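Dock the two chains into a complex; use the hints.
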Amino acid sequence: MSTCSVSKGCFVFKPSTKKRRLSDKTAHDFRCTSNDSEDTELRFVTCQSLWNQIKSETEQIQENLNKQLLDNLVSFLSRSHSDFQEKTTDWTCRMKFREIPTAALVLGVNVTDHDLTFRGLSDVLQDNITPYVALLEAKDCPGIKNLMQKLMGQLMKCDIDVDSLEDEDCVQVSQNRIRCSMPSLISWYDSVTKKTNSETPSKKRNSSSRHWQSPPVVVIFKDMESFTTKVLQDFIVISSQHIHELPLVLIFGIATSPMIIHRLLPHSVSSLLCIELFQSLSCKEHLSTIIDKLLLTSQFPFKLGEKVLQVLINIFLYHDFSVQNFIKGFQLCIVEHFYSQPLSVLCCHLADIKKRVYSLSHDQCESIRRLPSFRRYVEKQESGKQIELLTNNSFLKEETEKLLGDLHVYHENYVRILRCLHVFTSSLPKYPLGKQIRELHCACLENRVWETEEYESSLQLARMLNKTDLVTMLQQCVEILMSSSGKEFDRAVEKLKEFLTQFQNLEAEASQERDVSVSPQKELQKKTDLYHLQKTLLELKESRRSKKLTKFEMLRFEVVDYIDSLVRRYLAPADERALHEIVYFNGAAVLRGHLNAAPRTALHTALNSPHWYLKNQALRCDGGGISNKAPDICIVYKLHLECGRLINLVDWLEAFSTVVMAAEEPNADAASSDQVDDVIHARFIRAVSELELLGFIKPSKQKTDHVARLTWGGC
Amino acid sequence: MGVVLVNTCISLSKFLSWPAEETKYLPASSTVVEDDGTKVRKDKAQLSVSVKRFVKKLENISDNEAQEILEEKNYVAALGICAQGIMGNGSNISGGEVYSFQTPKRSNKMAELASELAQTPEKNVAPDDSKCPEKMAKTPQSSKRSGSNKVQQRSKKKEFVSTTPYRLRKRLAAPDPYLESESEYSASCSEEEDEDEQKEVSAVLSDQKTPAKTKAASTPPPRNSLAKKNKEQKMGNLVEEYFEAHSSSKVLTSDRTLQKLRKRRLDQQTLRDLLKNAPLAYAAEIRNLNQQHESLFSKWMLQLHLGFNIVLYGLGSKRDLLEKFRTSLLQDSVHLVVNGYFPSITVRSILNSITEEVLDHIGTFRSPLDQLEFITKRFKEDSSLELYVLIHNLDSQMLRGERSQQILAQLSSLPSIYLIASIDHINAPLMWDQAKLSLYNWLWYETTTFNPYVEETSYENSLLVQQSGSLALSSLMHVLHSLTLNARGIFRLLAQHQLEKKDNPSYPGLSFQDFYQQCREAFLVNSDLTLRAQLTEFRDHKLIRTKRGADGVEYLLIPVDDSTLTDFLEKEDEDV
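Top line first, the protein sequences correspond to chains A and B. For the first sequence, this note's numbering gives the first residue as 1, with consecutive numbering after it. For the second sequence, this note's numbering gives the first residue as 1, with consecutive numbering after it.
Same shape as in the complex, but just chain B (with noise of 0.2 Å):
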């Protein structure tokens, strides 16, 4: 079972570290071993050496957090062991800590994290507790028992220190077996935290909501929580977190949404307006970091026309340092600027505009591959060409396919195209094998640049930010306006139906022969053919989807959120 384990860690491990960090190939060393000399054979030793402490750990009881983390730490090392080369920029960082095993996660943890981080400043200045807890105490706005809460409070100011844990923990020692769990790890929690008068603060934070949640939340029986207890004292928790975290239970979250919030959602340009008016925090400091990154340029360019390319990593947006790149260095030449985090953007399209308007080429290609082949052929030919291509994100979710970068890899190994490029997604590296890299032929800088990822985000469907809907509805209306009077009926009632269902949230859509009867008795169709044609049509434009239920009936819905459908429906009023 152990070393079963441990096999499932160290493939695990492998799996989610980076190719080209401190953790290294494991097979890579192994085959070293075999012939060159003792020195890696030491290596060798020393990783099973660790092996074997891991294994042993896991056999042991051991609770102590800290003292697995130095032992993952030296499992690392021992992967990483040819990984003692300096490193100029800080990111020394051993794979361990990097990637270190998850703590028991509590639904508490990360208010707890908040009410701590949030007391930072007055554990420097001045220990002034007297107002923080009130206001800690209110952030949740979800608690049912705001009103006891609110008692307690109010006494808290004397008699918080000893007391409130304590009623917290009986009051929570409710009968209900789902419950007993969660006050257990709260009681933990707290009993952790005891010494300190804030921290107890926090817990009572923490632990308001959880009853809030277990009330909320559905009452499935808690059926091995008892015996996860026992098998979890047996092992470390660093075997049993992942699988905790990747098994397909129930997920311990409140049950809180945005609705309930009252919080209206921010549309796209609201969004963009608040952001502007807020200030950018260490603005001199980030101006610092990006100027050192500008000192930089002409050495790129240099490295550029070695035959080198230039691929840019670390926090912050690059776009800006590219652009700067661009209009100062790369006035009088020939050069492509690639937005890789545009939605649709293709290697098609890049591929394209060269051809078409660096090359000058009139005619389409049968494939992508034609088309490089051409694009090679010509750079070959006319050594006076020269292309400087730069790409925003290059491992953006339109170019990180596999073909994608093989043709981009293979432009970049062009000798007059030179090619710099930016990637910010943590597993990007992943996108290249061997043969990638070769031809890609990178030369890494880190550009860590805590520039907000405006432009980057913009395009994406944030989860906070409300889908405007401006261009649904300019859509919807454009469409309905080409089409017959009879179909804009047609369309009409199905909106309208799914208007008056719009509250019960297991609305599947209106059956096909449901929707045929309204139709006919509107004298909208006269056979269930013409209808048929009609939702074709519909089809085609994206106005609607249809799905079968379990029953086998055809269900029609229009994909368009409910406001939408609203402002559309007044319109068509206002039309007509």
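Isolated chain A, as found in the complex (with noise of 0.2 Å):
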């Protein structure tokens, strides 16, 4: 059947039979393009397991973080109704009621990532507090009447879900549209927990125990900023009418600061509310968890690589903010390898390493061979090593297999000496090598971090810390190697633990060396003579330079170069380590194309260099001009660019066949171009029909037989 229509757009292609696929399959996709299939199914099952880890280990981060707040806001929405629940009725309460409790939730600037905190929040409550909670967005709520109907409507379901009564008749009042207001609201409301209260306690147990007899209606705005605010005020101002009959408890979703309450609502409607303020966990924390907790583990065994991780967090900084998307950019790395490198089959836990490098084919060894890491540590080997690596297929899984664990063990290594090194540049002024754990692990991951300037600054700074810093500071990373599991960074304790007690040896002898130190500036306070000031200062300054370090200094001096070893030792970049392209993925190009792409500098380079794509010498043209044998619509192009904000097509017609004429017959004779060729002007006419659908004109009625150019750019 074809799906070209001139009386239809949407085309239903059922298969007839019931030979319809399942998704199960999608492991066949995986192989359909790599040539070695041997593993594919491995290799997938590897892919999804490690991903499946990934995203539950992700989510569990989501609920930690969010553990707080959601615990406060419980707190909160419990507290707030503790009045209606007693039933008091003094007056002061009364007067109270005029406002309605409201919650103001802070979630930093990306949208997209609430989602998943309201979800989280509302499960909360509807496991905690209350079974009548509504979420409202302003896409929905254009007006008032919206806003009540959605409402109702999103708590006669829950009342539905929980209650789990007949459905039937529920649903059809909520299709029959009961007349939704506030009084109709409350009758609801009323009956429902009327009902709650008269019915058998045995047959409600499990909701009756979780919520009170008159839960709190809990309403949530998803995103404030965007009602209009007309409909909250309504609202507002409605609902605090019947505080008193309703428990009602809003919370509203802020994007930008809690300024903008104030700022959407007049004085007269925000006083009718009893605002408290919650923040969240800013997104950059959250970023640094979920780089903390997934990166810089030992946990997982796919790593990313320098440039690919920059591409992620530059599109989390500079983009949107989204600790959804860099996960979903993470997700992509992880298929991305498993289907681009057929020897992922190798990236997985170290346990199950050994098994399957033992069931390597001779192809897949091959292609060991070819890894240019595993080459260049061939190329180091003595030479009846080499021999052997290249030849004998066992001898290689062996020494796959010990390489492919002392990457790990590198790893582990690595991390531990990245973070106390962080502890180290996280407190130096300026930080030269960045204030962020992740910025530090992108120096390093992208070379030798020794060899950059950054890191001489940042030790000159080290050298220059105080003393109670510099405790702390060697305090914090004996904690750090002290809690990994193997005997690696033994010798480093002791080491750091023998600074600690030298630097508490010192305290002694520097009050001592105090003492000394303050002599000259003495002197300094009693001359006011302009000269001999400056010559004490000389004299001071030549003095300190000749001046035998102190104790402290070179205690310091051994501590900073001790840490620059273990630096040397350890931070070698990942690159340089044989086999790192089974657990490395490398390919920011793709991820960059994917996720970060560029459609209107790949067209603009397809109309403007047209050979970039299609591989023919004719169309090759140096000085950034274009051929006359380039593809119509680029000739056109071409041509418009020329133009400014109108474009007479006679003009645009002859221009285009003139060029066409001469790529086409160079030594026509003139006559035949008195008149311009019908094909050509078929052509033209769909090259500009073709940038019109593109979008660089547009028809214009200003002058006849004128097309309006959209673009004002030209080259």
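Read the hints as simulated data drawn from the structure, not as lab findings. Hints may be right or wrong, so weigh each one.
What the hints assert, rightly or not - FRET-style restraints, in silico, Cβ to Cβ:
| id | chain 1 | residue 1 | chain 2 | residue 2 | range |
| --- | --- | --- | --- | --- | --- |
| 1 | A | 276 | B | 376 | 28 to 36 Å |
| 2 | A | 710 | B | 566 | 30 to 38 Å |
| 3 | B | 384 | A | 183 | 40 to 48 Å |
| 4 | A | 299 | B | 380 | 31 to 39 Å |
| 5 | A | 710 | B | 269 | 46 to 54 Å |
| 6 | A | 276 | B | 364 | 40 to 48 Å |
| 7 | B | 369 | A | 260 | 23 to 31 Å |
| 8 | A | 354 | B | 356 | 55 to 63 Å |
Quantities reported herein were computed from a predicted structural model and do not represent experimental measurements. Virtual Cβ for every residue (Gly too), placed ideally from N, Cα, C.
Now the structure itself:
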């Protein structure tokens, strides 16, 4: 069946038989392109299980991060209507009731990530506080009427869920659209709460044990800023009238700052609210945690290369601040890695490596030998071993297993030392190596960090740290290193502890030092003469330069040198390690192309230099110009760049035919060019309408046979 | 002043640039600056430096365009500092190149470029200028001075090199002030290109056009051409150029029309036939290109299954590619193909085909949102349901609206609906905000195919294609046949009157009173009420259009072109 039609735009195809594809064939897609199809299944399974682990890990992280916030909110909600619970009727309470308890939830600029938070929030609320939670979005509520409809619809639905009564009549009610107004809401609420109370507790044990007798009604405004002020104001004013009948609690999701409440609502309205502010964790902290838990850990065998990480972080920082997108990018990395790297089957947990290495086929062994990092490794070995590695498969497998084990150990050590180094660099003034550990991580992955200028300057700065800072840093380092399971750092820990005791011993001597150093300054205060002052200062400088280092300074130098030696030993970039390709994903270009595409640039390239795509010698043209043999649309585009706001079609057509005719028959006699050839005319029409489709021009009524240009750049 | 202009420039370039491209959001980076270490702070410094440079440049009187473009590049580079990542596919052009500002455009620039381009092979192969100039000079047909030009051309072959431009310049220095400013333009233009003989030919060519144009142009006094010139010297033409291009002042283009070309308009059918016969250039290379894209099919499948949706961009129709994907991989699964370029496609029709044909649901929905809710529910309930949706031209006129995109985005976010779509419009990504992007969960694929947009443009009421009118004629006949004899008479009267006045371009239509008189005389109506009732019926069928003139009189017009109307009257005569 064709999908071209002049009367229809949608075509549905249903396979007639029952041979429909099932989704578990996804592994099949994995196989299709990679030629060595032996273990694609295994690779796919590994990939999926890895992703699932990471996914659950990130969800866990998210939950933990939000826990504090949610706890606070829950306690706020349970506090808010305690009076209503106790059915107190005294006058002060009444007065207070005019105010609606409101929680303002500041969530940060990335609105799309809020969904997850809100979902978690409403789950928690429904579990702990109240079944009556309504989530409202601005786009559903253009007017107060829609808002009420949406609100009641959601409330009655959750009522159905909890009560699990015969759904039928309730659905009928919402279908028939009872008049959506506050009184009807209240009567509904009354009936529901009464029903819950009156019903036998045995039937309702589950729900009633979780909720109170008259649970509050929670209304969540997901994106408070996008609501129209009128709607919000009306809703607040109306519901404040009924607050003594209906225990309403509002939650505002705010992306910008709490000030927005006062800007959106006039004083008369905002005074009806009793606002409490809750601040969620900033998205940058969230990202740091995610990076900390996903990348700077040896829990997962899969690692990101420097460029890839940089791309992901850049997208986060410069485009969306979205942690979800970051995780999505991470998922794409995993998929790409396992899809494109046939050896990624070895990218698994340490326990499985042995088994997998020994089941490698000959072809796979060959592809290991082809890895650049492995070749470099082989070249460094003595000749006898080289031959063994290149010819003997079982020897190769042994070696591979060993190397992968080394890589794992390397990474473990790397992370520890990275954290130690971060302890130092994060407290230096101006942060030459970056404030966040991710920046340090990138710097270390990129090249040998100790060869960079930034590292040099940070060591300089570290040599000027004061004692208390240094001691606390050393203590932190000791803690970090102690937490490692291996014996690798036992000596380092001992050494650092030794430093710590030495610092303590310095205490007594330090006081004496100070006395000596004070004396020249006393001298300084006596002098008032400018000449003498200068002289003394110079002398002071001289003496300082030549002065013997104090014991503290000596020790400080020692400490810094020791840290430096650790860095040099453990923080070598990953791409110097053999077999790093198996574990590290380095396809930054692919990732960027998929996540941060530049459609307009692609169009521009295609139109301006078609030879980039069409590998034909005739199209090659030097000096940034365009050959007259280029595809029609390129020529037409190039010609239109020379025009202003309006383009005369006749001129355009003539220019086009000049170019095309010259390209086609450079020696044709002039007579034939008298009239524009029909074919050329048709080609011109097609090219122009293609430009119209692409959005470069549009028809214009300003002048006959003119089109308007829609872009105003040219080259 | 300078600062204001710079601000405008920044906001303009921001507005025009792509959200996802090299020109990164300024606000985003400045928020980063606040507490994300010093690295970014450096960028900001750089940015401000380049802005300063910008201001300085505006103060300077620098006519050096190359310099300007370079500066611009720096500025854009500073904006998009984070974009140093490598791009595999050669699209690593800085935003400045894509959006560099216009150089001053003259009306004849296009012709110049055309002749320049036309000459490229000669440059490459062997300079053969004896034939070329003649041909070049002949192309503009409208030149009124063709006679004198012919003479010139004949003598050109020898004395062409030095004399012609001078003579032309002299000739152009007419008393008309408008012309004067024009000649200044062209003079400078030919001065630039004095070195090359061939280029001079193009100057001749362009100069020939200028008088023809200025003659024909209505002669409003060039009020501020001089003042403008002075200003131009003061400013870099960068900012000036934008406002010049968008000011409501007279547009400098030639007044030639297609009618004067004595060129019959092609209709859709002949156009198609002609193009079918014309060989597609670079077919082998294009096939090669497409094969590269086809090798990605299984990867697309994989990624669709993993919860991503795929969007294809790049020059060339992606319809064939998607069709191939569909026929090779989707034969055994339920899928929906949507032709976004179809002129009357709506979101509702997409949703309808899902509910009616895929889910076999009979019944209607109050709103698309309800329908979407229903679909969501069904797909969540039944995990075995799977649907592949292919949308050609997701950015088409009908689907690009905010609400349609919202609904499609929500649809695509369902885990068992797999969406693969293509976009073509240069501004397509502007349809999506963060919320929609996160719903769509796109993976972008560059698929430049260079295929002609045959299907996509076939519906378009293209500028040059004659509306064949066959559809209009048959519908006219159809409607008219269902009416009474009197009504047909009324319509005939109006049509005849309109045809009589077809040479009058400012014909406003037939006034109601006159029309009533004529109808009465022909015994077609007996009161103006009956006529009004009849006209209402015509209007409902879109056979006539009424509009009120300046004097409040109602004018009636048949919104069909003259040839169709003539055809119609002929047909009617046959019938009667």
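query = Do the Cβ positions of residue 354 of chain A and residue 356 of chain B conform to the proposed distance bound of 55 to 63 Å?
reply = holds, 57 Å
request  = Confirm or reject the claim that residue 276 of chain A and residue 364 of chain B have a C-beta distance inside 40 to 48 Å.
outcome  = Once the Cβ atoms are compared, 46 Å apart, the range 40 to 48 Å for residue 364 of chain B and residue 276 of chain A holds.
request  = Using the Cβ atoms, figure out if residue 369 of chain B sits within 23 to 31 Å of residue 260 of chain A.
outcome  = Hint holds: Cβ distance 27 Å, inside 23 to 31 Å.
query = If you check the beta carbons of residue 710 of chain A and residue 269 of chain B, does the distance land in 46 to 54 Å?
reply = Violated, since residue 710 of chain A and residue 269 of chain B (Cβ atoms, about 29 Å apart) do not stay within the stated range.
query = Within 30 to 38 Å or not, the Cβ separation of residue 710 of chain A and residue 566 of chain B?
reply = holds, 36 Å
ask   = Is the gap between the beta carbons of residue 276 of chain A and residue 376 of chain B within 28 to 36 Å?
value = Hint holds: Cβ distance 35 Å, inside 28 to 36 Å.
request  = Given the hint of 40 to 48 Å, check if residue 384 of chain B and residue 183 of chain A actually sit that far apart at their C-beta atoms.
outcome  = holds, 45 Å
ask   = Does the hinted range 31 to 39 Å hold for residue 299 of chain A and residue 380 of chain B at CB?
value = holds, 33 Å
In terms of the numbered hints stated before, the structure departs from hint 5 and from no other.
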